[in-house]
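J.: Dock chain to chain to rebuild the complex, using the hints, since each chain is given by itself in its own frame.
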Amino acid sequence: MDQEKMEILAAGGIDAADALDRMMGSEALLVRFLGRFLEDATYQALCQAVEAGDWEKALMASHTLKGMCGNLSMTELYDLFTRQVALLRAGQPAEAAALMPAIEAAYGRAADAIGRLTAV
Amino acid sequence: MKCKKCSRRQKFLHLLKKLRYYIFATLVLLVAGIVFFFFLRRVLLESYQHTETNLAQSYALEVEGGLNTYETLISYGTHMIDARDQEGDTEEKLRNRIQQYCLRIQTVMDDQVDPYVVYDGKIIAANPWEGDADYDYTSAVWYQKALEADGQVVFTDVYTDAIYNRTVVTVAQKCADSDAVVAMDIFPENLAIQPEGTSPSEGTSIFICDSSGRTVYSRTDLDVTEEQLQSYIDRILAAVEKGRLARYDAFVTGVDGVRRGIYYADTNNGWKVIITVPVDRMLTQLTQFMAFYFAIMCAWIAGFVVTVGHNLRLDSLVERSDETVQVLSNSYEGLFRINFREDTYEIIKGSIYAWGQLSREGSYADFIQAVTRLMDRDTANEFCKSFSTDSLQNLQAQHIRDYGGDFLGRYPSGDRWINIRVLFDAALGEDEAVLCFREVDQKKRREIQERKLLEETLAISRRNEKSKLAFFNNMSHDMRTPLNAILGVLDLLRQHAGEPDRVLDYADKIAYSGRQLLDLVNDILEMSRLEQGKVTLNHQAFDLENCIRACADSFTPQARRENKPFEIHCDIRDTRVMGDVTRMTQMLNNLLSNAFKFTSEGDTVSLSVRQMGNPPAPQYQIVVRDTGIGMSEEFLPHLFEPYVRETRFFSRQVVGTGLGMPIVKSLVTQMSGQIYVDSKLGEGTTFTITLPFITAQAEEERREQKEKPAAPARAAKTFSLKGKKILLAEDNVLNMEIASEILSMNGVEVLQAWNGREAVDLFLGSAPFAIDAILMDMQMPVMDGCEAARKIRAADRPDAPVIPIVAVTANAFAEDIAATTAAGMNAHISKPIDFRTLCYTLEHLLDKGPAQEAKNL
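Protein sequences, first through last, are from chains P and Y. Using the working numbering, you'd call the opening residue of the first sequence number 1 and step up by one each time. Using the working numbering, you'd call the opening residue of the second sequence number 121 and step up by one each time.
Next up, chain Y with everything else stripped away, as it sits in the complex (with noise of 0.2 Å):
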C-alpha cells in the first residue's frame, strides 16, 4: 500500500516534471491578467477621479459665478444707498428707491430671489412682509454676520426661512456709511448648474452643501429620504475631512449598498460641490475587459487539461510498451544496435563483459572483435564470416529478419552458452539491425545431456535388436546342432538297428543332444520370463550352508573326472536364513557350470563363501573363481546383457545358450544382492556376489514381537569398546560427527581423519598399538581407503599387518568388498553405522583376531 502510494507520488512528481512548462506559462498568464486587471483598474480610476474632481471644480465656479451675480447686484444696492445717504436724498425718497431696486431685482432674477433691505431700522421689501414690523431682524443670522464683515458681502448657510417655509441662502451686505444692510433670499434650487460641454454620466449623482455640511442642492438618482440623503453627505464629509479620500480607490458606500467613487471642490465661500459616482459604472469597460480575459483563460486551461488527459493516457501507453520491452529485453544479456552501412554499433543494453571490453558507441569492427574474444577460433571465424556487415547487407537484401546461432563463450567467469541473433525489422533505419545475444546455457546443457541420452539409449536398443537378432542366428544355429546330431544318429540306427551295443551307444548320443535342446528351450524361456519379471521368489526359511554344499557337491564328480582340483570353502556363522533355495541353487549352478565349461584340465574352480555382518541382516559373500580361459576385456561390459554371446566362445566348441549370466544376474538383482565380475583372457575369471538375507531367527523373532509386543529387549552386551582409541577416516563432515559422536558417547576414543592420507599419516604418527583399530571410509579425496589401507598395511611397524581395518561404506557391492578384501581390510560395515555391528565386528576381530595374537607375542 506504502509502495502504491509512493509510485503514485513519483507519477506525479514526474507529470508535473512534464508539464512543468504549462503550468508555468499558465500562471504567467494569470498573474499578467491580475497585474494586467489592477493596473487598468487603477489607470482607470485615475482617471476618472482626474475628470470628476474637474468636473467638481467646474461645478464650483458654476456655483461661485452664480453667487457673484448675486454678490454684485446686493453691492450694486449698498452702493446706491451709500451714494443717495451722501447726496443727501430724504428719507422717503430713499425708501422709494430701496422699495423700487428691490423690486427691480426681483424682476430682473426672474422672481428667484427675495431681496429686502434694512433701512433705518425697518425692513423694506419688494413684497411688504406680513408681520414686518414684528420680526426680530436684529437676530437673524444674515444681520449679525453682514454687520460682523462690515461692508463684506456674507453668505449665510441654509436655512429653513420663517416666511416661505423653505429652505434659503441669505446674501447680505452692509452699507459702508450707514447701518442700511442689504440682503436677498435665493433659493438653492434654482442654482443653475449645468456647466457648458459636460454632461455628468448616468448613475452620477452632484451635491453641494454649505459650509456646515448642510445639503444645498443635490442632483441624484438615489430614491431617499432627505435625512438619509443627509446622513450620507455627512459621512462623505466626515472622510473627506479625515483625508480618506484623496486616494483614487477610496469609496464609500452609499444607502443603497453601491460603492461610489467621490470627487468634489470647494468654493470660495466655504461650500463644497461633491460628485459620486459608482464604482460599478467607472469600471465596466475593465469589467468587460476581463470577462473576455478570463473567458480566454478558461477556454486555454480547458485546452490544457485535455492536452494533459490526452498525455497521460499517451504516457500510459508509452510506459506499457516501455515496461513490455523491458521484461523483453531483460531476457536478454545484451543487445546491440548496428548500423552496417557506417560499420557502427551502439551498445542499448550490455553485459559486465561488454561494458568492459567496449564503449557505448564505436565502430564495428571493434565489436566484432570483442565478441570474437570469446569464441574458439573456428567458431570466431564462422562469426566473422556471418556477421561481416557484407553478410548482413545479404541478409536484409534476402529479408532475412532473423538470424543466428549458439556459441560456446569462454567468459572470464567461464564458460557459458551463448545464443547470438540479429533481427532486422521496419521500425528499424534502412541500414540497421539489432544483434541480441541471451544466455542458454542451462538449456543448452541440457540440449546436450538429452541428445547424449537419447543417442545411449538409441545406441542400446540398437544394440539390443543387433544381438537379439544375432542370438536368434546362433540359436538357430545351435538348435539345429542337437536336432542334426539327433537325425543323425537316427538314420545311424536304423542302419545297425541289429547291433544291440550300437543301439544302446546310439540312445546315449540321443538322449545327450535331447538334453542339451531342453536345456537351451528352458534356458530361453527362463529368460524371457525373468526379463518380463514374472520371477517371484518364494521367501522359505532354509540352511544357507547345505545349500551350498549340496550344490557344490553336484559338480565334484566332474570335477574329478575333468581332472580339476575344485575348492571350497564356507565360512558362516547364521546358516538359517529365508529366501528362495530353488533360484539360490539355479544361480550357484549356472556360476559353478560356467566356471567347469570355460576351464580345461588342471585349471582350479574355487566356491568360497562367507558372512559380512551380523544378524538380525547379515550379507553373504559368494566367490566363484576359475583360472580358466577368461573374457576379453571388451567382452566383460556385454557379459549381463541377454543374447550376447562372446564368438571366442564358439572358438571352443563349447555348447550353450549364452543366458546362463544374465539370468545369474537378473536372480541376483531380484535377490537385492549384487554382482560383480573380475576376469582376464586367459587368467581366469572372478565372479563376487553379495547377497543380503535375514536370517530365519529373526524373521521369527519379528513375528513373535508382531503377536507379543511386550518381548524381552536383546541380550545385553558383554563386550565393551570403553577406553579404546580409533582412528576414524571420512570425508564427510556430517558423517564424520554422527560417528565420532557414537563412538565417543561408547566410551571411544576417536581420532579423526579427513582423508586417507591423513588417516596413513595419523596412524604412522601414533606409537606402535597406540591405535586399537582404524574405520576406513572407502570413498575419499586425496586418497581413497583402499589405498590407504594398502599403505598401512605396506608400513614397516609391527601393529601394521595386524591392526584392523573395517571398512565403511554405504555401498555393499560385491566388487567393493572384493576390492576391501584385496587392500588387506579385515571387515566390512555398511553405512549407517550400526553401533552393535561394529562391536560385535570389533570383538571379533580384537578378542580373536591376530592384533591380539600379535600383542600376545
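Next comes chain P alone, as it looks inside the complex (with noise of 0.2 Å):
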C-alpha cells in the first residue's frame, strides 16, 4: 500500500500497516472489509440503542463494533469503543452516551477515509 493511502487511512483512525499486517499484507482485502464495515448495520443500531435508552442493545452492538473495529485495527474507533464497553459494563450509561459524539466523530473521519480511499 502506497504513502498516500496510509497516510489517508491514518487521517481516518485507521492503523493500515497493522490491518495489513492481519490480512497477510493483502491490500485488495483490507479495502473490501473496510468497504464491508461501512455497509454494516451495527453503527445504526448503536445509535438506535442509545438513543432509545436501550442499554443492552447498545453494550451488545457496541462490543460487535468493538470486535470489527479491533479487526479491521481501526485504533481510534476500537479505543472508543472499548472505553463505551467499558462503561456500560460498569453500568455507567449516561457516561457511556457521552461517548456517542466523539464515535459518531471518530465514525465520520474513518468513512470519509474509505471513501477517498476507494476514490484514490
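Calculated directly from the structure, the hints in this document are not laboratory data. Be aware that one or more of the hints could be misleading.
As the list claims (entries may be wrong) - Computed Cβ-Cβ distance ranges for the label pairs, DEER-style:
#1 P:T118 <-> Y:R910: 40 to 50 Å
#2 P:D112 <-> Y:L573: 27 to 37 Å
#3 P:T118 <-> Y:E502: 52 to 62 Å
#4 P:Q3 <-> Y:T676: 53 to 63 Å
#5 P:R116 <-> Y:I580: 41 to 51 Å
#6 P:T118 <-> Y:E754: 22 to 32 Å
#7 P:Q3 <-> Y:D673: 39 to 49 Å
#8 P:D112 <-> Y:N450: 27 to 37 Å
#9 P:Q3 <-> Y:Q660: 52 to 62 Å
Don't be surprised by glycine CBs; every beta carbon is placed ideally from N, CA and C.
T.: So, in C-alpha cells, the structure goes:
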C-alpha cells in the first residue's frame, strides 16, 4: 500500500500497517473489508439503542463494533468502543452515552477516509 | 435556472388563468369596437354614396334642363326657317329674320350664348364674324354632326373656339326642309348648376365632363393646373369605366394625396356629373366617435393593468403567507378544525392513519373515537374528558388559547409519542377550534431518557452523599475504638507501672491499636489521593512471579496461625513485565488480607495466577478465592463504592475502613485491568482480576527498534496450522469474513457457524477428531459461546472433552474469562485475532494439549 493511502487511512484513525499485517499483506482484502464495515448496520443499531436508552442492546452493538474495529485496526474507534463497552458493563450508561459524539465524529472520519481510499 | 424558468412560466399561466375573464372582456370590447367601426363606416359611406349619387343625378338633371333650353331655342330657329321657307319668304327677308332671331336669342340669353345659322352656304350670326367668309364651316364638327343627325339636336364635345379662343360647346340642328343649320356656341362656365335645396358640403368637388372625358365644368377647392385636373378626371373616368367605383368604399387618391369617394351620374347627352368627397370629411363623426371609444378603452386597460398589479401584489402576499402556513403545518402530522357547537370536525391535514379512519368531515364523536383508538384506556378516558365539547366550550369561555399534552400513540406502525393541542383564536369562528397533532417521539424519548439519566445521577449523588455521611459516622466510631483502647490501656499502665510484665503487655496493646489507627488514616489518605487521580504508576521492569510469591508468602504465617489452608498456583511463561511493583503488591495485599479477614478457621484461601496471550502484550489473570462468609447479593454492586461497608462486617467485629476494595478497584483500573467479583453469602468470595502487561523483553525490543529501525525480523514460526480444520463460530458477518479469510490464507479449512447452536450442531455432525479446534465467539444470538462450549463438552463422544475450544472476544473482562473457563474452554484470545497469537495458542493446545494425548490413546 502506498504512502498516500496509508496517510488517508491514518487520518481516519485506521492503522493500515497493522491491519495489513493481519490480512497477510493483502491490500485488496483490507479495502474490501473496510468497505464492508461501512455497510454493516451495527453502528446504526448502536445509535438507535443509545437514543432509545436501551442499554442492553447498546452494549451488544458496541461490543460487536469493538470486535470489527479491532479486526480492521480502526484504532481510534476501537479505543472509543472499548471505553464504551467498559462503561456500559460498569452500569454507567450516562457516561457511555456521552461518548456518542466522539464516536460519531470518529466514525465520520473513518467513513470519509475509506471513501477517499476507494476514490484514490 | 431551468426550474426558475419553469416556476415563472407556471406563475404566468396561473396569472392568465386568474385574469381570463378580464382578458376575455377586453378582447370582446376591442373586437366589438372594431366591428362597430367597420359597420358604422360602411353605413356612413353607403349613405354618402346614396346621397352624393343623388346629388350627382340632380346635378345631371340640372345640366340636362339647361341644355334643354338651348335645344328648344335651336328647334325654334329651325322651325322658324322651315316655316318661312315654305311660306315663300324671300331670301333677303329670311336672312333678316335669321339675323333678328340670333339677336333676340343673344338678348334673351343675356349674351351668354353665341347663336349663328348656316343658310344657303353662308353664316349668319348675331355679331357678324370677322373672316366669316373664309370660315370653312363644312369641316366643323358641329356641322357634320348636325348633318349626320338629320333634324336631331346635336351637342359637340368641348373644344376651343377658333374665334373666341375659349372653351365652348356647340349645339346644332339641321332644318328639316332645307340645308340650313342653326347652331349656338354655349360657354360651360355659364352652366348655372345649383340644384335647389342642396348645397355641396365643404371639400366637395363637382366636375362635369363630356362624352370624351374632357372637363366641361369644375367646381373644386383643389388648387391645381388644368392638366393635373384633367389627368385626375381621366383617372376617375377610367375607374368608372372599369366599374371599380361601384363599391361604397372605392376611393381615388387625388393630386393632393387625399382620398376621396367618387359619385357620378350620366346626362342624356352623354355627359357625366362627378362629385368627389374627401373620405376624411365623410368619416369625421366616426373618427370622433372612435377617438372617444379608444379613450374609454385606454382608460379600461389602464384600470385593468392597475388592478392586475394590485392583484399580483396581493397574490404574492397571500402566496407568502400560504407558504408560511404550509411550512408551519408541515411540522404537524394532523390539523383538524373542530366546531364544538355543532359537534363537527373537518380534516385540514390528516396523517395516513386519519385518512384511513375518517372522512373529510363528520361528527366530532367519530373523531374522538378514532383518536382514542390510538390510546391506552386511561389516556383515552382522560382525553375524552379533556377534549369533550363541554370542555372545549369551557376552555374558550376561560379564554385559554392553547391547551393540550402528550400521549403515547399506539399506531399500527408502532408506538409514537404524539403532542395534541387545541388552539382557539379570534380568527376562527366563535365556536371553532383547531386541533393539531404533532409527533414528538424523538423529543419525548430524549426527554424521558434525559430524565432517567438525571434521576440516576441524582440517585448516585444522593447515595454518595449518604454513604459519605455514613462513612464519617463509621469512621468516627472506628477511630474512637482504637483511641479509646489506647487511652484505657494507658490508664491501666499508670496503675501498674511497677509491674514489668504488664507494662510490656500494655505496650503491645497500645502499639496494636496505634497501628490500626495508622492503617485507617493511611487508607483514607490513599483513597482520597486515588479519587483525585493523583496516583501515577511507576513503569519499571519487574518479575511478576517474584512479586506475587513474595506477597503471598507474607500471608503464609497468618494462614498457618489461623489454621486456614492457603494454596498458591502460578502458571506464567513471561514473568518479566513492565509495571508498578509497589501498586501491584498493594493490590494483592488488599485482596489477600480481605480474604483472610472474612474467613474463619478451616476456610481455604487460594491465589492462582495464569498467563493469557503472548508477548509482546500478554494478559494475566489473578484469582483470589476464599470459602469465607461471602457477601450478600444486595451488597455486591456497592462493593467497589468508597465509603460503603456492609453492616454485616461490623457484626463480626472486623476492623477495617471499607476502603480496601475501592482502592483495589482504582488500582486495577489504573493498570488498564478489570476486576470481577463473584460471591455468595456463606459460601465464599472469588475475585478475578485481569491485567495487561507489556513484557520487559518487548519493551526492550521496542526501544532497540526505535534506536535501530532495521531490526531483525521476528523469529519464523515453526508451527503451522496448514491443513487443520477449525470450526469458527461468529455472528457478525464482517468479523466472520475477516477471520475466515485470515485462516484460509494460512491453509486452514474453516467451518462457519453463525451462532452457538450451529456450532454445536456442526460439531455433533462431524466425525470424531475431524475438527481440530473450535474458535468460539462469546456473544452470539440463539446460543452464546459459553452455553455452546458447555454443550460440546457434555457431548457423548471421544473428542468432546478434549477438543480445544478457544474463546474469542472483544472483551478481556475478568468475568468473561472466568465464565469461559467455567464453561470448559481451554483458552482465550482477544479480538482482533492476532494470527501469531492464535498459532501460538493452538500450538500449545494441539501439541501438548490433551487432544494429542487422547488421539494417542
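J.: The structure should be examined with respect to each hint, and the outcome stated for every one.
T.: So, going through the hints one by one against the coordinates:
1. The given range of 40 to 50 Å is respected by T118 (chain P) and R910 (chain Y), whose C-beta atoms sit roughly 44 Å from each other.
2. In this structure, D112 (chain P) and L573 (chain Y) meet the distance hint of 27 to 37 Å, their C-beta atoms being roughly 31 Å apart.
3. Distance hint check for T118 (chain P) and E502 (chain Y): the Cβ-Cβ separation is about 56 Å, which falls inside the suggested range of 52 to 62 Å.
4. Under the hint 53 to 63 Å, the C-beta atoms of Q3 (chain P) and T676 (chain Y), about 59 Å apart, fit the expected range.
5. Taking 41 to 51 Å as the suggested C-beta distance range, the pair R116 (chain P) and I580 (chain Y) conforms, at roughly 43 Å.
6. Between T118 (chain P) and E754 (chain Y) the Cβ separation comes to about 54 Å, which falls outside the hinted range of 22 to 32 Å.
7. The hinted window of 39 to 49 Å between Q3 (chain P) and D673 (chain Y) is violated, with their beta carbons roughly 55 Å apart.
8. Our hint of 27 to 37 Å for D112 (chain P) and N450 (chain Y) holds, since their Cβ atoms are close to 32 Å apart.
9. Against the hinted window of 52 to 62 Å, the Cβ-Cβ separation of Q3 (chain P) and Q660 (chain Y) comes to about 37 Å, which falls outside the hint.
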